[in-house]
Amino acid sequence: MTTTNDNILSDIRVLDLSQGVAGPFCSKLLAGLGAEVVKVEPPGTGDSSRSSRPFLGGSVTTENSALFSYINTSKKSVTLDPAIPLQAQAIKKLAQDCHILVESFPPGYLESLGMGYDHLIELNPNLIYVSVTPFGQTGPYSSYKGSDLVAQAAGALMYTIGLPDKEPLKVGGESALYTVGVSAFSATMMAVYVRDVQGFGQHVDISAMEVMTVSQIHSSIYAQFGRTPARRGTNLVQAKDGWVSPGLETGVQESTWLKVCELIGKPELVDDPKFTTQEARRANQQDLLDVIADWAGTKPKEEIYHTLQALRTITGYVATVEDLLVSQQFVAREFFQTLADPSIGDVVHPGAPFRIDGSSWQLHVAPILGEHNDEILCRRLGYSLDELSLTSDKGGA
Amino acid sequence: MTSPNKQALQGLRILDLSQVAAGPYATMFLGFMGAEVIKVESLSRMDINRGKARPGPDDLRVYPNGEPGEHPWNTTAHHVHRNINKLSLTLDLSAERGKELFLELVKACDVLVENYRGSVMDRLGLGYDVVSKLNPRLIYLKISSQGATGPESNYGSLGSTLEQTAGLASITGYDDGLPLMTNLVYPDPVVGILSFGALMAALRRRLKTGTGCLVDLSQREVTTMLLGEAILDFSVTGRIAGTMTNRHRDMAPHGVYQCSGEDMWVSISVSSEDEWIALCLAIGQPVLTSDRRFGSMEARLNNQEALDAIISSWTETQDHYQVMHLLQSQGIAAASVVKGSEVIEDPHLESRGFWDVVEHPEAGTYKQVTTPWLLSKSQRGRSTPAPGLGEHNNLVLSGILGLTQSEIDTLEADGIIGDTPKE
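Keeping their order, the protein sequence lines are chains C and G. Letter 226 of the first sequence, counting from 1, is numbered 209 in the numbering used here, and no numbers are missing. Letter 386 of the second sequence, counting from 1, is numbered 819 in the numbering used here, and no numbers are missing.
In case anyone wonders, no lab produced these hints; they're calculated from the structure. Keep in mind that a hint or two might mislead.
Estimated spans, in silico, between C-beta atoms of each pair [unchecked claim]: (1) C:Pro108 / G:Asp724: 48 to 56 Å; (2) G:Val720 / C:Ala213: 35 to 43 Å; (3) G:Leu640 / C:Val253: 27 to 35 Å; (4) G:Leu640 / C:Asp357: 41 to 49 Å; (5) G:Gly489 / C:Arg215: 39 to 47 Å; (6) G:Ser729 / C:Gln236: 55 to 63 Å; (7) C:Leu246 / G:Asp724: 54 to 62 Å; (8) G:Glu731 / C:Leu69: 48 to 56 Å.
Below, computed lysine-lysine pairings styled on DSBU-like, alpha-carbon distance capped at 30 Å [what the hints assert, rightly or not]: (9) G:Lys641 / C:Lys76; (10) C:Lys257 / G:Lys485; (11) G:Lys810 / C:Lys75; (12) G:Lys485 / G:Lys810; (13) G:Lys810 / C:Lys76; (14) C:Lys128 / C:Lys223; (15) G:Lys485 / C:Lys242.
The following residues of chain C were derived to be distant from chain G, with all beta-carbon distances above 12 Å [as the list claims (entries may be wrong)]: (16) Ala167; (17) Glu193; (18) Glu317; (19) Cys361.
Keep in mind that this is a model prediction, so the values were computed, not measured. Glycine is no exception: its CB is placed at the ideal position from the N, C-alpha and C atoms.
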């Protein structure tokens, strides 16, 4: 049997002062690998994401934001305000005894409270101190505010997304901030490895703008090579119940077109020069999509996906969240995990984003606000809640 | 005194069979942080990033100023930009001798990275079972479309189809409900960045246990991770998340607004009442602070069309950078929606040393994307230009495997290695 002690980060304690999406997503992934993550939240209201839509269930409480529930799995929650000196003292004690600190305050804020990197390494010399902010710790925009949208704009990601006659479009949801969290996670894991091998900690500086500039992947190089990237139309075809992309324009063997013509009942197209090569199909994309649309319109999208993939095309179908939960691939790999949330009931979560032989992924329900005040602040650090001027903060409206 | 300047991943050797974007991005980061990355391609199957040996006039690949040059396979934008910090070795893995040499390299490497369709490596006789027996400390990073198991494990995908099958397209689009893809293969860089962290985790595991392992990473699963809150919501309430242009569930105003100049925009996100009041003052409309249509976040969320029209009428005569700086100076999150030609000139990125200027011997001088992190002690190395095909055959075969010059010559004569693609 695998126990928690076998996990990759089971000897690692994380103090997470970050709020919102990106920092907490980083520490969620660290918790997944078995680290103990103590999440510090503002007393009373908790992390801002606790008041973020959508809410699971009828009433709005600190305990039923889908966003919060997703990105704070497997953590412990304590409520402390770094601006209140006695509570700041408790944060410092936790910082003294942890391996990784994650924070997302405006640059300079923790320094002003005596909890900057330079301060804390005096207490804890090998600390890994991870700062996750919209624009990073230095530079002319370092005090600027950000959001998922602002990061996608500043990093040249969204300029080319969307349709030519409309405004630039962001990738949906909180995708950019999750990616920022992923970058923070990967950089933190590198810093852990460096400490294991070379023996020192360091300050990790994550800028959401830079993560997006890395993610734009070709706009910057195209611009320098003389091609102007632009927003362009879509190659989706309407199926009976949604959308598919036929996937006949890249990475497809020559013999595949013949099989596709047979499949769609258009053998006369086998030798049609408009479609015989990938390049020709790309050049005549709209004609190709029309031909496929005649056939696809009466068939379910996922059936089209499987049928065409079997011919070694690179077909896609637009899955909604509803489709994802019944995907045979996800079911077979048990990607989704159902957690019993005491305040909500059964909730389905995405599981491990990668799988490492011989190591399990930790996924437990996100903590109630202040759920671990007693365990961490009282029993571990020896405070009383009165002394810290904390009322019991266990959840609430 | 110990030198703090030893690179983070110094001493690690990576055998890189990956192609296209996700894998090459991961190994590019590894190279930046000091690992030695040996990129393996065959002369008949180069990395797709290299394009065609002899591109025709209609070829859609991007070459410096449209000029493929003498060796087009060394100068495509995708190759130049994604394959920096790597050594190039050519090896025909379908030939016995090529396979033997590959397996010799497996013994000398710490990590193998590949992103073929699920079963390709097994079919080549180079699957995890084989390579892990030869090198029990090897970490095998398998990046695949669907994961190493399951009924779709051999399906093919591109970044754009992953956006569909993982659900991301279903929440990306304008308010007409039509799903859209990013045209930027967005899942690929995300997978590349996460793969790096997964590999660090596996390396730590190796430090503890002394043994390597398989890391199984499904690009589709990683992409679905990006819409987690919508999955939780559906599982409890049955709501199906859809497209919403650039709007946000909790913030208004929240969108992009046209500025002066052709196709110029600025993004604005307002998350609090303080920011809303600051915005009203910044745009010279203090009267809006008492307009009941906009008197609370709820009210603004319900009146976004009117709100957006007011903001647009202010932004449309102004420069997008000026709007950004003005609003940020008043504590409002805003950024110009920059294009590729602007982001390479951005003064903030410049001041942080984000871009590396790379002098590529065949493609010329350009600014290179670097890493999505800065570490105070483990600094990244300078970019070395993307290698020409087979540029490091000698270095790898003689330096690592100890082959003699005549053995290398024989390999070349037999077409196992070389520097010119077979067409």
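Taking the hints in turn, this is what the structure says about them:
Take C:Pro108 and G:Asp724: their Cβ atoms lie about 55 Å apart, and the range 48 to 56 Å holds. A hinted range of 35 to 43 Å for the beta carbons of G:Val720 and C:Ala213 is consistent with their spacing of about 39 Å. Checked against the hint of 27 to 35 Å, the C-beta distance between G:Leu640 and C:Val253 comes to roughly 57 Å, which is inconsistent with it. The given range of 41 to 49 Å is broken by G:Leu640 and C:Asp357, whose C-beta atoms sit roughly 35 Å from each other.
G:Gly489 and C:Arg215 have their C-beta atoms about 22 Å apart, which leaves the hinted 39 to 47 Å range violated. Roughly 59 Å separates the CB atoms of G:Ser729 and C:Gln236, a value that falls within the hinted 55 to 63 Å. Range check, C:Leu246 to G:Asp724: Cβ separation about 59 Å, and the 54 to 62 Å hint holds. Between G:Glu731 and C:Leu69 the beta carbon distance is about 36 Å. The supplied range of 48 to 56 Å is therefore violated.
In summary, the hint linking G:Lys641 to C:Lys76 is supported, as the alpha carbons are separated by about 28 Å, within the 30 Å threshold. The straight-line distance between the Cα atoms of C:Lys257 and G:Lys485 is roughly 21 Å, inside the 30 Å bound, and the hint therefore holds. The hinted pair formed by G:Lys810 and C:Lys75 meets the criterion: a straight-line CA distance of about 23 Å does not exceed 30 Å. For the hint linking G:Lys485 to G:Lys810, the alpha-carbon distance of about 41 Å lies beyond 30 Å, and the restraint is violated.
Restraint check for G:Lys810 and C:Lys76: satisfied, since their Cα atoms lie roughly 25 Å apart, inside the 30 Å limit. Taking the CA atoms of C:Lys128 and C:Lys223, the gap is about 44 Å. The hint is violated against a cut of 30 Å. Straight-line distance between C-alpha atoms of G:Lys485 and C:Lys242 comes to about 25 Å, which keeps the hinted pair within the 30 Å bound. Look at C:Ala167: its CB is around 7 Å from the nearest CB on chain G, not clear of 12 Å, so calling it non-interface is violated.
With a cut of 12 Å on Cβ distances, C:Glu193 falls inside the contact zone with chain G, its closest approach being about 6 Å. For C:Glu317, the shortest C-beta to C-beta distance to chain G comes to about 10 Å, within the 12 Å cut-off, and the non-interface label is violated. With a least beta-carbon separation of about 31 Å from chain G, C:Cys361 lies farther than 12 Å from that chain, consistent with its non-interface assignment.
When the structure is compared with the earlier hints, violations turn up for hints 3, 4, 5, 8, 12, 14, 16, 17 and 18 and for no others.
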